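Protein chains in written order, with the numbering used here: chain A, 1 to 289; chain B, 1 to 747.
Keep in mind that the hints were calculated from the coordinates and are not lab data.
A hint or two may mislead.
Claimed, not checked - Stretch by stretch, here's where chain B covers chain A in the computed footprint (C-beta under 8 Å, at least three residues):
no., segment
1, 75 to 87
2, 261 to 275
To be verified - List time: in silico DSS-like cross-link candidates among lysine-lysine, alpha-carbon distance up to 30 Å:
no., chain 1, residue 1, chain 2, residue 2
3, B, LYS145, A, LYS260
4, B, LYS529, B, LYS298
5, A, LYS260, B, LYS529
Since the model is a prediction, treat every value here as computed from it, not as a measurement.
Note that the Cβ used here is the ideal one computed from N, Cα and C, for glycine as well.
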Amino acid sequence: MTNIQYLAPTTLDEAVSLYAAAAGSARILAGGTDLLVQLRSGMINPGIIIDIKKIKELNSIEQKADGSFVVGASVSGTQLAKHSSFGKTWPGVLEALNLIGSTQVQGRASLGGNLCNGSPAGDSIPALIAAEATVNIQGPNGSRQLAVKDVLSGPGSTNLSQDEIAVNFIFPTRQLGSGDAYLRMIPRTEMDIAVVGCGVNLTLENNICTSATVGLGAVAPVVLEVEAAAEALVGNKIEEETLERAAEACRAVCNPIDDKRGTIAYRTKVAGVLMKRAATIASQRAEGA
Amino acid sequence: MNKNKWIGERTIRPDGADKVTGRASFAADTTMPGMIWGSVLRSPHPHASIVNIDITKAASLPGVKAIVTAKDIVDFPFDTPAPLGIQDMRWMTRNVMAREKALFHGHPVAAVAATSEEIAAEACKLIEVNYEVLPWVIELEEAIKPNAPILHNILEFDGKPSNIAGTLEHKKGDIELGFQEADTIIERSFTTRPVHQGYIEPHACLVSVTADGKATIWSSSQGQFMVRAMTSMLTGIPQSDIRAIPAEIGGGFGGKTIIYLEPIATVLAQKSGHPVKMVMSREDVMRATGPTSGSMSKVKIGAKKDGTIVSVQGTFYLQAGCLPGSPIRGAAGCAFAPYDIPNVHSLGYDVVSNRSKVAAYRAPGAPIGAFAVESVLDEIAEEIGMDPLALRLKNAAREGTKAAHGPVYPRMGYAETLEAAIEHPHNKVALGNLQGRGVASGFWFNAGGESSAQVNVTEDGNVVVTTGHPDVGGSRASIANITAELLGIDYQRVSVLIGDTATIGYSNLTGGSRVLFASGMAVTDSTEKVIKSLRERAAIIWDIDPDAVTWEEGEARPAGANAGMFEPLSLEDIADRATETGGPIGAGAQLNTAGAEGGFATHICDVEVDIELGIVRILRYTSFQDVGRAVHPSYVEGQMQGGVAQGIGWALNEEYIYNKDGIVDNPGFLDYRMPVCSDLPMLDTVMIEIPNPKHPQGVRGVGEVPLVPPLAAIRNAIYNALGIRFYSLPMSPPVVLEALDISQAAE
Ligand SMILES: Cc1cc2nc3c(=O)[nH]c(=O)nc-3n(C[C@H](O)[C@H](O)[C@H](O)COP(=O)(O)OP(=O)(O)OC[C@H]3O[C@@H](n4cnc5c(N)ncnc54)[C@H](O)[C@@H]3O)c2cc1C
């Protein structure tokens, strides 16, 4: 019974002013793989849909001279996979994004959509946190930056205000000897929602971990950065004893719910297992880098 | 060996092009001018008396054209059985629309037809239902407790109102004497959870009723005649005034052998004067259409040291959902049927509780029985130190064995499935760490019954075959193979169509693995009549006796030198001269077929377990099945693979999760975890062709038995990998991990 207006601005300014003018009745459309599902199920009922895929900043990938990357918020997993160097530099981020759904879904699903949807089980978010990515945000009163770890505020909600748009993600310059990885536990092999997801990013020097960041998803109301796990890794070789201490740190921060997707006990246990496995893969990648 | 030209060929299915190009018309694709939309109001309570329904507000919403409640649907009083096939209309009328009580969360309570789907849904919200909420019971274990809330006071067991709606028993020999002879006796208890058929196409229909009361129904079902009969009984419209047109069907697996929407849409169409369309959402399907039963069972098996099984006992409690009718016959009847055992006692209980009424699901009940029996057999084999396949072979039922459920088996190939499995490379390849192999067998009754067919020769000398069965598994291709074979003409010259209830004679359901068996017989009978007619036409043209004409390789030939020297007459030649030789050429048959005979299968499954996450992956799977005659091998293999895929889901992940309010918490494919492609390896099949002696082509039903062995095969494989025996399904990651923890703690 509702009529929905579809708008597809071609500049960021236009999008921002349309979004602000709608005063909460509009929704941003990136790939639509969350939005359309929510529309159909009656969860949301917007009057205006603003498609952001025609805006250049939001839909491009750029590698700067210093090696850092700027990735548009609506860039799809398939687009990102086709980039010549992103996946070599950030294999963990790319694999996280391209675990989402199926081939069809990956042709649409974006980092911005995954983050702004706000789910604690969003697959790319732990990998983005581990990568220490930041997000540029634009609103009617100007732009600001947030670290990805500070974006989520609760299940399904973010710290973006209702007139702000995520523009792009900045991935810092990579040190030599760095690697990242993301793993999730799902009962099936695809088309499922993470029971636990863990992203690890680390740097090795002479086999010793010199820096590390760990993101942990689906075990708390928001995706967590697990600093204690990173601390357990730093200064040590990536071996069983180190990994067990990092795993223990992950288990300790778990504050999951008992629901249809997993029990508290199961989720907590699996968080430790995925931490170890993801750190092992990340360190192998760091050795190769 | 195969002298046949078309039987056994992997011909291109007649419906293939339409399906891959998206042209095929499913029930929800049908529209009509003036069409309006129906929407169902469903109970928000798992159990509640319906005190009053006030439709005033809903009726006054602009756009609303008609409203239906139970009083618009024909009642079948509780105390008078009203059987229709294996269903009872007392239960069907209450399932289609809640009558005295709402019996589960999602039970239809009323329905509205309006000019748009949104208005119809809006109007449903305006219907005021006064419920008296009652205590409810969901799980089987709870429903049979003495103080459980009772769903139907009229149902009694042991002289008291009970949720046990009925029992079924099979007996052979004397089990107590039998157990005395046993060297080893193992008794175990098992549980399984209700699982949904998971067809991809939700239920949908469009119904148009003319001003003079004639109804046309387009819907997706496993039987247009079932749709007609049930709609007739629930609306009071005579069958002759209902035309049920079968749409292409997007899967049924037994779940579409009953109806939900058709009678409601018919009454809405009657009342409104408009064609009414109704389409379920996936959520409606998961909440309110039949899964198959969950179960509790206990099986005791006694064997001698040499592996001879001397006595068996099985007790099977099956969840019926909110109204009676769980497949206890399949559980109790099939459980021990693969074996030649002197002493058998098998007992089934039908138990109601506040969940959606079960519907048939591929070999209904049989996987439940086999899960228990084939698991205990694995433990017997281990205890006496015998290979599990050898144990089964030693006890295999053979031609002449009298089964506890009644029949004496004719020639059939159960032992051959075991021999093939024993010799197969899969059974010999070494396994790695944390990998395991399991085997299990299974039986399914199969069915015959009524089918009709019509075979017509077109004026240009081609052939059109009409049958009465919705084609779920490729039956049109198989029917074309049979017809082309018998007539000796090219497959491309045969078109096979599915008639509606007005254009073909009565045909029973597409179910019970019966379609190719029964319609193959009807088509064979019809085609043979056509061939006889073709010979007669040639005889007229040649002016000789019809007995002096043979039909070979697609043409009429003189039977020998004595018959005379004539150029053969092709089908085209005879069709061309049909008018002058007696008119149109065609024949039909309407049969009640018998001799379907059971299906047997043996499966081997390899698994690997991730012991840190509790995930079981299927590494390799091979099924061995006596398929009678594979008229179209691709669709036989497809049936075997499909059954296994569903069994893997049932064993490993599928379950309904109810919340504390008695509401299903996972009514969609995201959290109701059926397997996806990447969960499965290539499912290998070995077809063993032992023709059914009671069928012209040797056909044996193949569609259902593939779902019987997987549950136990997987469970036995996990034991082989981990040394842990599971007694409950699903064996999902949290369950497996917890069992690993417990077993580690015990070490
Ligand atoms: C079949 C299927 C499988 C899926 N599997 C997974 C999975 O395995 N893992 C997983 O994490 N997710 C999964 N999803 C969910 C979804 O695909 C992901 O969350 C995806 O990343 C969303 O991206 P999108 O571009 O499609 O977002 P959209 O649906 O376009 O947007 C999502 C939300 O974010 C808002 N939004 C989008 N972009 C911006 C922006 N730039 N600024 C502000 N707000 C914005 C939208 O308004 C909306 O509320 C699945 C979805 C489907 C349909």
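TODO: Quick one: which hint numbers does this structure break? Sort them smallest to largest.
DONE: Per hint list: 1, 4 and 5 violated.
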